[in-house]
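There are 4 protein chains.
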Amino acid sequence: MGANTFGNNFTLTTFGESHGEAIGGVIDGCPSGLLIDFNMIEEELQRRKTGTNSAMSQRKESDKVVFLSGIFEGRTLGTPIAFMVRNEDARSSDYENIKDIYRPSHADFTYQQKYGIRDYRGGGRGSARTLLPCVVAGAIAKQILQQHDVEIRSFVTQIGEERSDAFSAEEIVAILNKVKMENDTVGAVVRVEIDNMPVGVGEPHFRKLQAVLAQAMFSINAVKGFEYGEGFHAAAMRGSECNDTFINIDGKIRTRTNYSGGIQGGISNGEKIYFNVAFKPIPTIMQAQKTVNVNGDEVVYDITGRHDVCVVPRVLPVVEAMTAIALVDFIR
Amino acid sequence: MGANTFGNNFTLTTFGESHGEAIGGVIDGCPSGLLIDFNMIEEELQRRKTGTNSAMSQRKESDKVVFLSGIFEGRTLGTPIAFMVRNEDARSSDYENIKDIYRPSHADFTYQQKYGIRDYRGGGRGSARTLLPCVVAGAIAKQILQQHDVEIRSFVTQIGEERSDAFSAEEIVAILNKVKMENDTVGAVVRVEIDNMPVGVGEPHFRKLQAVLAQAMFSINAVKGFEYGEGFHAAAMRGSECNDTFINIDGKIRTRTNYSGGIQGGISNGEKIYFNVAFKPIPTIMQAQKTVNVNGDEVVYDITGRHDVCVVPRVLPVVEAMTAIALVDFIR
Amino acid sequence: MGANTFGNNFTLTTFGESHGEAIGGVIDGCPSGLLIDFNMIEEELQRRKTGTNSAMSQRKESDKVVFLSGIFEGRTLGTPIAFMVRNEDARSSDYENIKDIYRPSHADFTYQQKYGIRDYRGGGRGSARTLLPCVVAGAIAKQILQQHDVEIRSFVTQIGEERSDAFSAEEIVAILNKVKMENDTVGAVVRVEIDNMPVGVGEPHFRKLQAVLAQAMFSINAVKGFEYGEGFHAAAMRGSECNDTFINIDGKIRTRTNYSGGIQGGISNGEKIYFNVAFKPIPTIMQAQKTVNVNGDEVVYDITGRHDVCVVPRVLPVVEAMTAIALVDFIR
Amino acid sequence: MGANTFGNNFTLTTFGESHGEAIGGVIDGCPSGLLIDFNMIEEELQRRKTGTNSAMSQRKESDKVVFLSGIFEGRTLGTPIAFMVRNEDARSSDYENIKDIYRPSHADFTYQQKYGIRDYRGGGRGSARTLLPCVVAGAIAKQILQQHDVEIRSFVTQIGEERSDAFSAEEIVAILNKVKMENDTVGAVVRVEIDNMPVGVGEPHFRKLQAVLAQAMFSINAVKGFEYGEGFHAAAMRGSECNDTFINIDGKIRTRTNYSGGIQGGISNGEKIYFNVAFKPIPTIMQAQKTVNVNGDEVVYDITGRHDVCVVPRVLPVVEAMTAIALVDFIR
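Read top to bottom, the protein sequences are chains A, B, C and D. Here the first sequence stands for residues -6 to 325, where the numbers follow the working numbering. Here the second sequence stands for residues -6 to 325, where the numbers follow the working numbering. Here the third sequence stands for residues -6 to 325, where the numbers follow the working numbering. Here the fourth sequence stands for residues -6 to 325, where the numbers follow the working numbering.
Watch out, some of these pointers could steer you wrong.
Put simply, identical chains are the same to the list, so a pair is met inside one copy or across any two.
[Claimed, not checked] Under the rule of at most 27 Å between Cα atoms (straight-line distance), these lysine-lysine pairs were calculated in the DSS-like manner:
#1 Lys245 <-> Lys42
#2 Lys171 <-> Lys57
#3 Lys265 <-> Lys57
#4 Lys42 <-> Lys265
#5 Lys283 <-> Lys171
#6 Lys57 <-> Lys283
#7 Lys57 <-> Lys245
#8 Lys42 <-> Lys283
#9 Lys265 <-> Lys171
#10 Lys245 <-> Lys283
#11 Lys283 <-> Lys265
#12 Lys245 <-> Lys171
#13 Lys92 <-> Lys245
#14 Lys171 <-> Lys92
No wet-lab data here; the hints were simulated from the structure.
Next comes chain A alone, as it looks inside the complex (with noise of 0.2 Å):
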């Protein structure tokens, strides 16, 4: 299977760099028949689309998706769906000054060895718009789950050292901009909860849940943890206190505790799915560094214009479309 191709039943094969043509993907095994929302779509796309409050990086682009086969009259036809948005905001001379410099954190350096050859525009294959074909997958995914009831919620529980149940999108930005009136970015925790999850989903050995779970997340630029249930902090507990035990409520057996977030074997038990992922701060800051470029020799990589400060909230319905992909995969 190609490494840009995830899921064995509903499978999502991206491409694109972020300043090249365009970026897209394919979903192969997509039900037949379903009509699909598009407005949903749009709003998906809106919700981690640049320049919508004054913490975020202003690269205008209209973000259009435009599909090119597998939905006809509104409705899915059960062959490949591919889709693509156009990248148009891209001026390659923007990029000549960094084009022979390995910004530090970045992926510059390990494409150039790896491949012998990068698109150094904007991050090429690296950029984090690489990501936006996941939720034009995760948005059609989140409709099929919808039939089955399954929800998925994603909330930003701590940025930086400041921590919360869920932060507000106001408490957000209060705080972003403060990171970015010190020209510096920041880290942030993520968590995602998944409700009405049928029983029986996921499936030894290597496939369990939250494994295909755990490698959905680790394919999110930036993501350096996850944990599910009680995750790190099961590591500190005793088995007397995080055993979850059964009891019968209404002829239905339910767990009394949730310690183990909703999935035991790697097989959801019906209880409801938590995890969190953590993201590392973003590595463009509006800061001189130190750093080498492709001769070795070092130089000072210094940039102005106006770049994210962090991950969230843009990453928000990202973390939610890999989930839904993730999910879909098993109960389609």
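Add chains B, C and D to chain A, keeping to what the hints say.
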């Protein structure tokens, strides 16, 4: 691809229930001509074996691995390497009492719901014993990696609430014995370090090195969290703080710091790779627990016998093995 | 793996309906740094283009391929290469009359049964036009194979009841014009030869070189048979007659004869690979045919317009392309 | 996916050399709760067993299959089903004389070139004995298909130059004994028919039903040709002659004729599926043959002992098994 197969190039397919005829695996894609070090395989098995100290369970099994194919006169043929370990000590009658019980935080309930049938003896396919084939395949993967000078090491850095850079065997036993006295079990964190990793290993978009390592780790029973590089701590950091700037050391491009954990853009950058894996407490505790049986009746689940108190230290060779299997898929 | 993806290492995922927005594909796993010969790709497309002689159909399409990703400054990046061809000349109204009809020996009926919906315009996903992406990917595969000196050639050896070692273009046109005068269509056999194949390509057990070539050929519309080496004729032979004995020619081990067709045990032996592919007549004929509509009513299906009389010669670049794609998956 | 794995949903991974410890396989994706008919598996094995008549070879093996996992109290668990057959009668010393010889039209040469090593005993991984695991998995696949009323039958329709609609066992023995008297071997054609196939099985573009069947058939040793429906004969036909027009029979849409062989556009149409498989003569003949050894020296290869004269009738259960495995992957 089957759910019990891991990898694209060096594939491992595992099989077996805890008390079925045998457990084992098939490796497909192992390079030909490799002189197998069988002693080293036995040593790895010995590391995870039952009964090596008083805090570990006492199942008496020889765990003798038998190779069925793919090796001729001590060398790999390039054809599938099948191997198995007989399950010798299985007394089914011992399990009559749990036949109809859903043990708390075990996979009994989810297996029953998913498949409508399960081998209840010793946890069946959900048993940690099913990781034994990973150790065998991992030992072979390590032998391949040795030819590339890649070295994998693992340490216990947390048991319950106690932390260390690396607990000694004596320290581990001491802590576990204390927990055992309280008839309880406890969680742990294992840290893995990979040295001499070549640059350029890993592939965007969905086979990022960290995504494949995460899938590998979450295939191991009881794993609840995975983080690499600074991991969850990165969420609390600033970009100016955690960016790894490049330097030229004697003509070799390196990073001054290694917050990235040796991976950038999903591809190894030649620095040390390190990650942490969190384990929950083993759910089998020596205390009476309330639960339900298959009919939904509330019952008390109470056991005698000897059981492990913690996944460490026995899980260390498993963690290393899955790491080796994940890596060798990329660099064989 | 999705049903519209071919290959493990050099994977091609295709998409598109005959009269949807576009048809195209995504290649994942193409080596980086390859300088693409775009003219050669256009030439291959030209070879299969509509309307190049009087016995072929007259759909006017530019068939201009647009590359969306994976190529930078003319060279491959090692990232997915997406490409598409717009479907320009689609007048849906032309297809209103066949909207509800199951055309004989077309895929209308089976698609409707399988998916409950179909794009009836021009055969939708079942159209031979969906092979165009194979030609684009095949042209790139050929460019990779050229670096290994591997050469693929194809010949028309049978049209209807007429046979030849290799019909000339003029002979083909003459035969097809005769069939066309009779408002009929006709089958054909194509022979493929592969020269300079390296020894050792192909893998037991299920990826034998012949098995992958067969899968590739049967992915082409209208193919009804595949044979390699002596093929069906081998069934009539004696072992003493068709065994290929080995000889030493100037230090190189060769076979005296090549009844095996260059493959032994699923692996290339360095001799010429050759195989034959049988095509049925194109089912669209200029004669009234009885059939049924979607309601099961018997109706007469009669068409006007210009249609191909035979898959050859336009299918030749498709056959070569799928051959190249199959080979490059092994030896890139 | 490994080269020794077939299928996406019902996957079979095979292993084993002819004279290694054992041969066997692992089935992943078998539905749970299936009551296995072990007698039927033994009967299928018996059908392909050595030594059942005078024209067949006399290797004495019990070919007793042992199931290692995935079955509990006679029913499938939904977990991997591993099984093996010991290779009992292996005397390596018998093969010393061919250790260094490249037998004509065997895989000795290509294996040696590809892997640099081979198990020369009895053809190693290239032996027809490696098809035995297919028979076991095929028997289970057949038991699943039976629940869908799908029936697979096979006939010998050609041996050497003699043809029939379906030779009887006696006729086959008579022909083969004649060939055996001449110390020679001979090719054959097997015809397969599948009844009660549901409509809608198969998937465009690269998993067309015929493409998967072709891959399955060419995985069998000695297969040189595959054709379905009218096959190669279709090349000689006119469209007006071989189109299958639709009719409504008692409310069910059928085709008047079935030149298509039950598959249209890669998808089953509910009519009988039929195809032919051509086999070359077995290369091991009781005559002296010139060949070369591993050093390139010309030598004479001459054998004694008893060997099969033709792949039929023993290959029939193998052909049916691979057919069943291919089908069950789609319709389990």
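Okay, the hints, checked on the actual structure:
| no. | hint | in the structure |
| --- | --- | --- |
| 1 | Lys245 <-> Lys42 | neither (43 Å within a copy, 39 Å between copies) |
| 2 | Lys171 <-> Lys57 | neither (32 Å within a copy, 51 Å between copies) |
| 3 | Lys265 <-> Lys57 | neither (34 Å within a copy, 41 Å between copies) |
| 4 | Lys42 <-> Lys265 | neither (29 Å within a copy, 35 Å between copies) |
| 5 | Lys283 <-> Lys171 | within (25 Å within a copy, 51 Å between copies) |
| 6 | Lys57 <-> Lys283 | neither (38 Å within a copy, 46 Å between copies) |
| 7 | Lys57 <-> Lys245 | neither (46 Å within a copy, 43 Å between copies) |
| 8 | Lys42 <-> Lys283 | neither (31 Å within a copy, 50 Å between copies) |
| 9 | Lys265 <-> Lys171 | neither (35 Å within a copy, 34 Å between copies) |
| 10 | Lys245 <-> Lys283 | between (61 Å within a copy, 16 Å between copies) |
| 11 | Lys283 <-> Lys265 | between (46 Å within a copy, 21 Å between copies) |
| 12 | Lys245 <-> Lys171 | neither (49 Å within a copy, 38 Å between copies) |
| 13 | Lys92 <-> Lys245 | between (61 Å within a copy, 20 Å between copies) |
| 14 | Lys171 <-> Lys92 | neither (31 Å within a copy, 59 Å between copies) |
In this structure, the hints that do not hold are numbers 1, 2, 3, 4, 6, 7, 8, 9, 12, 14, in rising order.
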